[in-house]
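Q: If you read the protein sequences in the order shown, they are chains A and B.
The numbering of the first sequence is the numbering used here, which starts it at 208 and goes up by one.
The numbering of the second sequence is the numbering used here, which starts it at 82 and goes up by one.
Hints listed in this document are in silico derivations from the structure and should not be mistaken for laboratory results.
Positions of the beta carbon are idealized from the N, C-alpha and C atoms, including for glycine.
Hints are supplied without guarantee of correctness; some may be wrong.
[To be verified] Quick partial rundown of chain A residues pointing at chain B, CB under 10 angstroms, derived from the structure:
(1) Gly326
(2) Tyr327
(3) Gly329
(4) Asn337
(5) Asp338
(6) Gly339
(7) Met349
(8) Met395
(9) Val406
(10) Ala450
(11) Asn452
(12) Gly453
(13) Ile457
(14) Asp458
(15) Asp462
(16) Tyr463
[Claimed, not checked] To give an idea of the interface, some chain B residues facing chain A are shown, with a C-beta separation under 7 angstroms as derived from the structure:
(17) Ser430
(18) Lys434
(19) Ile477
(20) Thr481
[As the list claims (entries may be wrong)] Okay, derived cross-link-like pairs now, SDA-like style, lysine to any residue, Cα gap no bigger than 20 angstroms in a straight line:
(21) Lys359(A) - Ile520(B)
(22) Lys401(B) - Thr105(B)
(23) Lys360(A) - Gln519(B)
(24) Lys360(A) - Thr105(B)
(25) Lys360(A) - Lys289(B)
(26) Lys312(B) - Pro417(B)
(27) Lys359(A) - Thr476(B)
(28) Lys359(A) - Val478(B)
(29) Lys359(A) - Arg416(B)
(30) Lys360(A) - Ile477(B)
(31) Lys289(B) - Gly236(B)
(32) Lys265(B) - Gly173(B)
(33) Lys359(A) - Ile477(B)
(34) Lys360(A) - Gly366(B)
(35) Lys360(A) - Val478(B)
(36) Lys323(A) - Pro414(B)
(37) Lys159(B) - Gly173(B)
(38) Lys359(A) - Val518(B)
(39) Lys359(A) - Pro459(A)
(40) Lys359(A) - Lys312(B)
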Amino acid sequence: MSSHGIRDRVAIVGMGCTSFGERFDTGLDDLVVDASNQAFAAAGTDKDALDAYWFGTAQSGMSGITLARPLQLANKPVTRVENFCATGSEALRQAAYAVASGAYDMAMAVGAEKVKDSGYAGLNAFPVPNDGTARTLTAAAMFSMVAPAYAKKYGVDETELKDVLARIAWKNHYNGARNPRAQFRREMSMETICASPRVAGPLGILDCAGVADGAAAAIVVRAEDAHRYTDRPLYVKALSFVAGNGSGLIDPDYDYTHFPEVEASVRDAYAQAGVTDPRHELAMAEVHDCFTPTELVLMEDLGFAERGTAWKEILAGSFDLHGELPVNPDGGLKSFGHPVGASGLRMLFECWLQLRGDAPEERRIANDRPLALTHNLGGYPGEMVSFVSIVGRELS
Amino acid sequence: MRGIVSAAGYVPFRRLQRSEIAKTFGSGGGKGTRSVASYDEDTTTMGVEAARLALRGAPDASVDALWFATADPAYLDKTNATAIHAALRLDGDRPALDLGGALRSGVGTLRVALDGAGSTLVVSADVRTGLPTSGDEAAGGDGAAAVLVGDDTTGPVVAEYLAAGSATDEFLDRWRTPGERRSKVWEERFGETKYVPLGEQAWQAALKAAELTPGEVDHLVVAGMHGRAVKALVKRLGTKDGALGDDLTATVGNPGTAQAALLLTAALEAAGPGEVIALVALADGADVLLFRTTDALGARSAARPVAEQVGAATDVPYGKFLTWRGMVTVEPPRRPEPARVSASAAGRSEDWKFAFVGSRDRSTGALHLPPSRVSMSGGALDDMEPAPMADVPGTIVTFTIDKLAYSPSPPIVFAVVDFDGGGRFPVELTDVDAADVQIGDRVEMTFRRLFTADGIHDYFWKARPLRTAAASRGGGAGAPEQPGPSGSAPKPTREGGER
Chain A
208 MSSHGIRDRV
218 AIVGMGCTSF
228 GERFDTGLDD
238 LVVDASNQAF
248 AAAGTDKDAL
258 DAYWFGTAQS
268 GMSGITLARP
278 LQLANKPVTR
288 VENFCATGSE
298 ALRQAAYAVA
308 SGAYDMAMAV
318 GAEKVKDSGY
328 AGLNAFPVPN
338 DGTARTLTAA
348 AMFSMVAPAY
358 AKKYGVDETE
368 LKDVLARIAW
378 KNHYNGARNP
388 RAQFRREMSM
398 ETICASPRVA
408 GPLGILDCAG
418 VADGAAAAIV
428 VRAEDAHRYT
438 DRPLYVKALS
448 FVAGNGSGLI
458 DPDYDYTHFP
468 EVEASVRDAY
478 AQAGVTDPRH
488 ELAMAEVHDC
498 FTPTELVLME
508 DLGFAERGTA
518 WKEILAGSFD
528 LHGELPVNPD
538 GGLKSFGHPV
548 GASGLRMLFE
558 CWLQLRGDAP
568 EERRIANDRP
578 LALTHNLGGY
588 PGEMVSFVSI
598 VGRELS
Chain B
82 MRGIVSAAGY
92 VPFRRLQRSE
102 IAKTFGSGGG
112 KGTRSVASYD
122 EDTTTMGVEA
132 ARLALRGAPD
142 ASVDALWFAT
152 ADPAYLDKTN
162 ATAIHAALRL
172 DGDRPALDLG
182 GALRSGVGTL
192 RVALDGAGST
202 LVVSADVRTG
212 LPTSGDEAAG
222 GDGAAAVLVG
232 DDTTGPVVAE
242 YLAAGSATDE
252 FLDRWRTPGE
262 RRSKVWEERF
272 GETKYVPLGE
282 QAWQAALKAA
292 ELTPGEVDHL
302 VVAGMHGRAV
312 KALVKRLGTK
322 DGALGDDLTA
332 TVGNPGTAQA
342 ALLLTAALEA
352 AGPGEVIALV
362 ALADGADVLL
372 FRTTDALGAR
382 SAARPVAEQV
392 GAATDVPYGK
402 FLTWRGMVTV
412 EPPRRPEPAR
422 VSASAAGRSE
432 DWKFAFVGSR
442 DRSTGALHLP
452 PSRVSMSGGA
462 LDDMEPAPMA
472 DVPGTIVTFT
482 IDKLAYSPSP
492 PIVFAVVDFD
502 GGGRFPVELT
512 DVDAADVQIG
522 DRVEMTFRRL
532 FTADGIHDYF
542 WKARPLRTAA
552 ASRGGGAGAP
562 EQPGPSGSAP
572 KPTREGGER
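Here chain B stands alone, though its shape is the one from the complex (with noise of 0.2 angstroms):
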């Protein structure tokens, strides 16, 4: 059986209210709530973000492939995937791939890992903006999803892929020339009369190929940029009652390249096992993907579902936001720029900066951060084994905010932070602000783009507030849930091999 092993989406913590976009432009804007990247986030960030829940959902499966689509890449002639893949830990003979540029290769790449052999780890990831005002500014969203394909050998398969259908036409609806920050739009009316065919064609090849009528699909999830187009298929795809379900532009917007897996992913959170899902994804033409799930998906519960991370939000004013998206730039803090990295240094450190992977003293445990050959304590040489710390939790020790330091939005909150099992680094704090920050808190890790000079990203991690009910099990009490005194990694598996 071949279909879906694991899915997880990742939505960023902040959100504007688009009601703020007319206040101060006096148009634009809406209803609701999009979500929003940080400042210290992009498409590869939100992927490996999304990356690792989806692999927390299958702890033991190997990953034969990893592949990222994304119409806003952080780089462009460098692959993005392999920091994905750096931050993964994924084995250094496994292929990472950048499968972008075009909205429909978030869908596309997911149909083509379903259609292909061995595991692939489908990340897709989007940041949308368009100029103040513009109904992409306020439509958008950003987010990833990751999607971990494979059959039996690489774990339960908790959704059963059963049939694809696809139709593709060459027309003009949406478009954007490299190096443009805003896409552009045809007029709405044109791209209907596209879609709308297009996608009933895909609907009705793929429910013929997996001999479905449209009555036993249980949980169907449109997803496309061409909202009208959107909504009139789905009137025509003859579904029971209830079977739609939320496209999230409510709440999170249209996150482009990641909304078909994210859908999935959404669809997946909410179904029981045997029921039938339909993805239906309109982009440059129509992708339909139906699955129906597995006795196994109501043995696995989500390692933090996509309706938690919708819910656990915090509003971004509108000021930011256009800073954050470069629309607008204010006064830089009075230090100096960081300087660019260097690649030989970030090439040594790999395990460290892009897997926060420090080295524990085999003899008296002693965590290094970042890792080191001579221990702190007893003094003992090369007699370390590497210390994965991505996914163990800390405790605030004491914190301090910093007005003085360089930071693309300051100011600085900075934290000592002591992990659950022992070990303790100093480190910026992430989606907060200041004034709620109290001894005491608990954080976990997360990957973020520190600066970027030069064209080049620093990637490192930093820590954030855990907020999900489930993630902060374990907590308060300081009952280490994961390594044990002996320092054992959480999950020593996808240790690469030759690095």
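Extracted from the complex, chain A is given alone in its bound form (with noise of 0.2 angstroms):
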């Protein structure tokens, strides 16, 4: 198996992103508008002069006319893209991989998700016909099963894991305060956050990421190019995604203290890049926080901490906004929601900001690095997909 990448090759001149939220009064079609503008307007550019669009949604719509029609994008190539969680992400891996194949040379990503329409709390899958033999179970307790594994497993007794993962909460929580396109923009104390009801197994409702709707918007041109647009381009780095073939779900080895597709494919994105030493390396990390324990599990799994020593790291500050390696400075999923097509793309909208300098002062991160990553997961311990994107402020 070869994975090449397409290290330096692709460069993103222009980001959007609206601000994540219960938008009632904000249909679909807007979202998709407004992100798509602050990209076009970035880059100094418009909706004619790219030359395809990759469109990520779960379930706001089908096909690429649910972008083209509010978008009124004429005899473009406009393509619709699922991946579970990685979906905002998937939409900007297939539009940088078709500009570094020369195929076009401008492209478009945007990821879109209308979640508050369902009246539902909650996500919700469509129901593909099926024989019913398949779980219901919700991805919170399905994530909630990981948290006790890994205290058996390194020997944290319960108080003290329930107060690392209270940690992430309140960290991700602290970052969001300081975010204007974030949902909660509200510190939460310790207390709070372990006082909180429980919904599945040990993790409260503070222990997992809201719902909101959102969308957010990258524009990719050629390295060579990207300077035509703005003197300040990201390049990327690595693209690197993962679908799992769900053995973890049936396989009595697995033992639900790490994600074998996380680590498969921040490998893979690692070896693209040429990161060996990412804790050092990275400027910043916005990583998958669905639920607090994932968070502490990605850690891992991402190489920012040694295995078993995540959950001292984390107690230790050592991801917080200003700690050796900032994980989600934007406030992450936590403070965000999720709405799923969006996400990826949210994430690497913070690296926009961050390695740029744009970043407003009060959630600034204080290192240098000229590098980030964005990582999404999609589905269940055991099942899931993973992406893991690094982009960089300078060629290497």
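Both chains are given apart, each in its own frame, so use the hints to dock them into the complex.
A: Okay, structure coming up:
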């Protein structure tokens, strides 16, 4: 198997991101128009100048027409993509590869989700006609099995683990409180987080990401063209994606303390980008904190902490806004909620702000490293998709 | 010799304390308990459980036909016995028939099988209910029984069929029009005056045919929804002291269509070799069946005796009981209800869905649940053998409680289960209280109804704690009791022919 990547061949030259939240007054069309127009403006271009579009949405619409109609794109190739919670990231991957291939000069990835029109709390999947034997658990319940497994394997006692998980939520709320685009913009005390009512296993409601509507967009061009659009482009260093085979669900050796799909995708991404010491080479990371135990395990899967040590690093503040490696400086899914199609591009938007020095003072990261990472996963422990991107300020 | 080759009862795990009824409504109820089918059980699923136990008692028997009797069918028009047939993996050329509607069909089906030829698995089940505070609500019970009828070529006969006696009359004692949730009864005294003479008539006929006197009957069980008539008849049958067996009404209640076979099963389990068992059933007439147990009975121990199931039970709050039976509707979880099952998708996965058969990689032994054409280890293509896992116990590796997901009776308790001998499946638990579940608990698979959408019942398997002493043997230390590492099925018999 070869995964060569497209390091430094494609650049991001414009991005946009709406505010996320319960946008009951805003439809999907408005969300994609707003995110796209921000991106066009950032790149100093317009919709007709772009050659192709990829639109990521999990279940807010089908086909490229869902984007082509509100943007009134005439005679353009517009492709709708879906890959669980990595849907927005998948749109970026397709657009970047299309430009790298030489097929197009300029393409846009748009991700959007209108979740709050369902009338239900939480995310709900399209019902595919089936034999009625599949699991009907919520994601919260599936991920809740990670926490006790981790605690047992590494000898962390229950109350200590509760503190670790609460510390993750606390950090992400702290960061989100400093982000005008976030849905939840209030700091949460450790006490409040620990006391939140339980929804699944040991997880309280404040261990879970919220649900929100939102959209984000990115425009990509060949790296050599980047400076025609901006003097501060971001270069794509790595795009890696793995779809699991589901074996973790039925493999007795799987122990719910790590995500093999994440390990595989990040290994590939680091190889593409030439990263060997992520903890010290990355300026920041945006990771898929759908539930607090997910972020805990991701710190180890992504190589930010040694196995069995992430819980200590979290308590020590290593991943805080001004820690050694800031994780989710924008507030993460925890503060933004999770419009499935948009989240991956929302993460990239924070890299766009931070690496270019555009993040507002109150949540600007302190280090000056040139690389940033985004990570998305979708599905459940044992059966998930995982995406990793690495972008950088400089050509290597 | 023709008779009973194997028999088993199924009594659901939950009990309603009858006293709870009066505490809520100020009237109704009574003493003792009644059995309660869980929200995920119906007559079909309970029939499957009883049938599995009966066949466990006769592992080498071939079943020529499956007959299912109930007064509370999960479907009309559509045969319910086919789901039981599928769960048992009976051969495709063996008929599966519903013979139900009336309470008498339970004992009636048994009699027809005994008078017939070949081997017939006779399954009866019922869910009895009535309006809150009614006599039927308190006196009813839920349960099932399965009797494998055959001759010596089927397997060792444990109770020889001696004779039958019947009496039939048209009179109105108890009735229910289709679609009604409650039955109605005529003034009690009228039924009593009809049933007692009919019972005596059938009793005399059967004894005469078997050339027996009442004093030669060692075990007598009497079934019937008309409690007064049953009591009055018993006094007139002339059997010896101690012959009358427990009718389980104080603990299980009266499981209607299944009562005759359930009491017969309990009598068989209490009897020794060479004893005479008499079953009397009063329903729109009277039926009497006489048996003599054989030496083969002594060599057989029930997989899960009725008495053991009667004892292993936990109370259900009255409110839950009313909810489960649809008498009270409570606020559902604020999640979308599941979509109806696709008939064609379910048809394609019949062995998986109804019989919990996965596949096992012939070269690596890796178990796939659901079955897969391509192996997760080694990648072999189309080199799998069927892996029937319904009878393989397992151990809870980890579990969670989901308070958000849709369930007809939240919360969902969900566990990752490792099976003895290898293999893993994440599966919903049932017959548990969330607070009692622990990692390391032993579980077994049970056939359940997950939900109903568009009138289509979604049948599949859940896991429940192994509670009986006999059943949890071999656990703890994790010693695999059933399949070896080669992954051979516990009982590769009954692997239906053409599917």
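Q: Measuring from the C-beta of Met349(A) to each C-beta in chain B, is the shortest one below 10 angstroms?
A: Holds: closest Cβ of chain B sits about 8 angstroms from Met349(A), inside 10 angstroms.
Q: Gly339(A) was flagged as interface toward chain B. Is the shortest Cβ-Cβ separation under 10 angstroms?
A: holds, 4 angstroms
Q: Using 10 angstroms as the Cβ threshold, decide whether Asn452(A) counts as touching chain B.
A: Holds, because the Cβ-Cβ distance from Asn452(A) to chain B comes to roughly 6 angstroms (cut-off 10 angstroms).
Q: Quick one, is the Gly326(A) hint okay against chain B at 10 angstroms, beta carbons?
A: holds, 9 angstroms
Q: Keeping to a limit of 20 angstroms between CA atoms, is the pair of Lys360(A) and Thr105(B) held or broken?
A: Measuring from Cα to Cα gives roughly 48 angstroms; hence the hint is violated.
Q: Quick one, is the Lys434(B) hint okay against chain A at 7 angstroms, beta carbons?
A: holds, 5 angstroms
Q: The hint names Asp458(A) as touching chain B; please verify it with the least Cβ-Cβ distance against 10 angstroms.
A: holds, 6 angstroms
Q: For a C-alpha distance cap of 20 angstroms, please report whether Lys359(A) and Ile477(B) respect it.
A: It holds: about 15 angstroms lies between the C-alpha atoms, which stays within 20 angstroms.
Q: Lys359(A) and Val518(B): Cα distance at most 20 angstroms?
A: This hinted pair holds, its Cα atoms lying about 17 angstroms apart.
Q: Does Lys312(B) lie within 20 angstroms of Lys359(A) when you go C-alpha to C-alpha?
A: Distance ~59 angstroms between Lys359(A) and Lys312(B) Cα, so the pair is violated.
Q: Is it true that the CA of Lys360(A) sits at most 20 angstroms from the CA of Ile477(B)?
A: OK: Lys360(A) and Ile477(B) at ~16 angstroms, within 20 angstroms.
Q: Is the straight-line distance between the alpha-carbon of Lys312(B) and that of Pro417(B) 20 angstroms or less?
A: Violated - the C-alpha atoms of Pro417(B) and Lys312(B) are around 50 angstroms apart, more than 20 angstroms.
Checked against the numbered hints above, the structure breaks hints 8, 10, 19, 24, 25, 26, 29, 31, 32, 34, 40 and satisfies the rest.
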